[in-house]
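Taken in sequence, the protein lines are chains A and B. Every letter in the first sequence is one number past the one before it in our numbering, and letter 76, counting from 1, is 76. So the number in our numbering is just where the residue sits in the second sequence, counting from 1, plus 1000.
The reader is advised that the hints may include incorrect statements.
[As the list claims (entries may be wrong)] Facing chain A, from chain B, some residues (calculated, C-beta under 10 Å):
| hint | residue |
| --- | --- |
| 1 | Thr1041 |
| 2 | Ser1062 |
| 3 | Gln1063 |
| 4 | Ala1066 |
| 5 | Leu1069 |
| 6 | Ser1169 |
| 7 | Arg1174 |
| 8 | Ile1191 |
| 9 | Leu1237 |
It should be emphasised that the hints constitute simulated quantities derived from the structure, not laboratory data. Ideal placement from N, C-alpha and C gives every residue a C-beta, glycine not left out.
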Amino acid sequence: MAGVNLSGIRKVYGDFKAVSDLDLQIKEGELLALLGPSGCGKTTTLRMIAGFVMPSAGSVRFGDHDVTRLPVHKRNVGMVFQGYALFPHLSVARNVEFGLRVRKWDAQRRADKVSQMLRWVQLESLADRHPKALSGGQQQRVALARAMAIEPDVLLLDEPFSALDAKLRTQMRTEIRELQQDAHITSVFVTHDQEEAMAIADRIGVMNQGRLEQLGSAEDLYRRPASRFVATFIGKCNLLEGRVTAPGSFETALGRTMQFAGTRALGPAALCFRPEQARLLVEEPEGVNAIPVTLRSATYLGPLTEYDVETGAGRRLLVTAPSAQPGVPHEPGTALHLSWHAEDCVLVD
Amino acid sequence: MHNFNFGRLAFRSLVIAVFAFVVMPLVVIVWAAFFSDKILTFPPKGYTLSWFTRAWELRDFSQGFAMSLKVGAVATFCSLVLGVPAALAIERFPFPGRETVRQLLLAPMYVPAIVAGAAVYVYFVQVEILTEVQFAATFGGLVIAHTLVALPWTMRLVCASLATANTTSEDAARSLGANALQTFFLVTLPIIRPGIIAAAMFSFIASFSDLEKSLFLVGPGKTTLPIAIVNYLEWNLDSTIAAVATVQIFIIGAALLLSDRYVKLGKAF
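Bound conformation, chain B alone (with noise of 0.2 Å):
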């Protein structure tokens, strides 16, 4: 018998427009790229690979890529450092005020970019008034900002690896004679690898990604690439943008499959 349901249709053509909502626009960057139109139109006269390596040509474009990338790196490191020991004891000690200390480590994730930025620059401001260091528009304070951005990442996706991983294999380490220190690296560490790369990758792509809060933090020559593709757009639009922009969707689509393969990124939120 011919089973036709039209609630079943219905949801699945909703699924679908929501699907073709949020992909389609990547799917014309990536489209617009290949355009060999001087000024983007549509539809395109003919394709060329030309925008790729004009845009690799571009002191601002590949500068802001090789600073994302360290920018990136550097400041999931620094999450990594800082995120996985709060983790652990906000997950695993039961300290007075751990709550507090919670939500305060995921809190940027809340505060509206642009506003954090803002603070963090005037904030720079005042310390280099207080101690003539100057962190505004320097590599550090660029990586300071980042962190702030990645770690909430961290942190979410740490704590949720702790959380599930089962407590009592710990107990059992230690029954065994590990202590502490031992019961860490030789049982906790493992069971939460998956979590720890899943983290990685994730503060490396809010990093990576990261446009507000570095705003205020750039100097000349120090730009990343969200921010060179925003000056670009200022006073161009041709495809350079659509190539820099399928690079980025490209990286960024790997770091999510990779770490896809670690933590199924369902259970994390």
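The shape of chain A in the complex, shown without the other chains (with noise of 0.2 Å):
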């Protein structure tokens, strides 16, 4: 078992970089998700740490061992693909027995290990049926025993529970996090839904046009982003643009100065604060930051009412609080003031 190491890594394609300069090192055991919208490089890097891509520029390291040119076959990678792949001719036991004949593993020991890995993830009384006649869950649990039955160094999954269907995604994603666990493989997994990403990941890097945006667990990611890109992929965000004009004092584009905690170097920014984070008052509220907005609706969701307010730059922001919190008037266009604490909000480029 050990981590794994990425350093400098980068893939062009002709004109078209698809992953710059990607330092990231991952942790022996930890479950690290690689975040992004499609095109991101988010699976290019995944398919690098595999061997499937070789990297432009850069090393990749599994512990202290440099496999950067090492072919995909040699490498002892377990990967779990987007929609399995699942070998179609072979039965669950042999799909799961390929690696291990590959390896030349006498008969026994395979035998051995392909029922040790069916009871892992509880599929023996399976072993012999088709992959085409499994459920999708069923299926993936397979191609997760096939993918750990070589005793991989690292465990990769390509946006593993995209094939799911909702209720079964966050069941499987809980499986797949204990199985995980359980054998403290060092893993990575990439997706695009940040809900899956926060759910299971240690930590999450995520990235936007080829790089590394950020990297941290999901409550760092939501409460300090450390981009606008972030802020606005992770969570809903309302931002504010403007300028800052003094330490830890911010002025809107209408010449309002608002407060914020931590340091920031002088110049534009874009002040961030989440809709759980920001109240909306009747009366100007004191020693803390206020602006005035109409609101333009609400929208009742059971526990939390969602606000559409307008600030007077004509930008839309947002704001949720508990339904039971009574005294906020529901009409659209009354004037109301929303404010936030500055410890509350963070600034961005």
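Starting from two chains that each stand alone, build the complex the way the hints lay out.
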């Protein structure tokens, strides 16, 4: 078992930089999610770790072992593919056995390992079935058992839940997380679904346009986004454009001064706060950030109500509040004050 | 409520008419194979099986039949040996000029067979003049020409099954430690096996029923069945031909049915 170390990884296709100068350390036993919109380079990165794609520059190491120039079949990576890629002509047991056969394990050892793996994913009773006779969740477990049978150094999962329906998806991700913890295997999974990444990953690397925008826990990314992209990609976010005029002081486009915690160089920036961190008030509050807004609509969502408001500059902002909370008028057109605390906002580019 | 739909009725009638148009000649030929009249007449005076035995007794037909089987089998084998690796290269490895190569290998399908047959003949003669190795009117020459007939079919069907086969299975095999050769034999080949079987069937049918390309290339005693039929038709008009054709129809029909079991033929084109 080992960690994975990517340093200065780059992949260029003609003029297109799929991945540029990526440094990433995946700790031993960690489950790291690469999250980003399609075309952000996350899959290319995964395929470079797997060895399907040779990096144009940089190195890939598993522990102390430099595998940059090693072809896929010599890398010892377990991979679960989008759509699973089970061998349709082989039974479940034969699928799981595949890697062991090409590794020339003897028959007894193969049989032991296959039954151990099928027990692990609870599919012993389906050993003789063919993949097309399995449900999506079962197929995924076979794919996982097959990938793990070879005792890989790293487990790679490419959009592993995308082929499942919504209900099964949440169930399978918990299951995969448990199996991953149980095996204590260094794992990387690629997804475009932030909820999925937040639910099961130890750390999330957010990628955009071939670059790693931010690496951190789900909470880091949500509470302290390092860039405008991360702020808007992870969760919902209100942005106010303006500039930093003094330490801790931000001036909006309409000339209102807001306070923020932390340090930030002077110059243009955007102030970002989450819908649930803001409050709507009838009276203008004292000592906190506040701007006058007009209520456009209120949407009742059960436990929460979502308010769509508009600033004087015409910018639309979103506020959510527990529905049980009384006191906020619901009539569109009402003039209100939107307020938030200095420590609840961050500044991004 | 009685649901009478004129449009649907018209459509069905049209479909039935088209099918009848396609199938009727075949039915008539099979029927005529059993007429007892010496000269084909309609309606028949009686029925007999003797045309089948007569056809078999005619050396031209029995030899032609054996020749067609032999040439078909060898040409099918050659087209698979050439076509499967070619299809694999074209579908799996992006090399420059790959579309050109694909079209080149499919080209024999587009060129009128009689033209191609003449061209092959001229080519063989030229080669013979240069090297003194005879190809025209030899078994080898015939096999080469029939391989050309069969190759586009092999290419089409194998390419189609490679294109529809999910390449991630191959990626999966490689991630599990299989090298290129193991991946091909343990994963790709089993997955496209139905396509290869269908390709073999179609190649065989194409070769077995080819007339035009062989016309210039057969020699005395080395005639294929379709050419034997044409030769016979020049001087005779009796039910022997119908009997021979019936056998041919059933062989081809069986091959088609067999390939359809492996590959839904609709998907390949």
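| query | Hint numbers the structure violates, sorted upward? | reply | 1, 2, 3, 4, 5, 9
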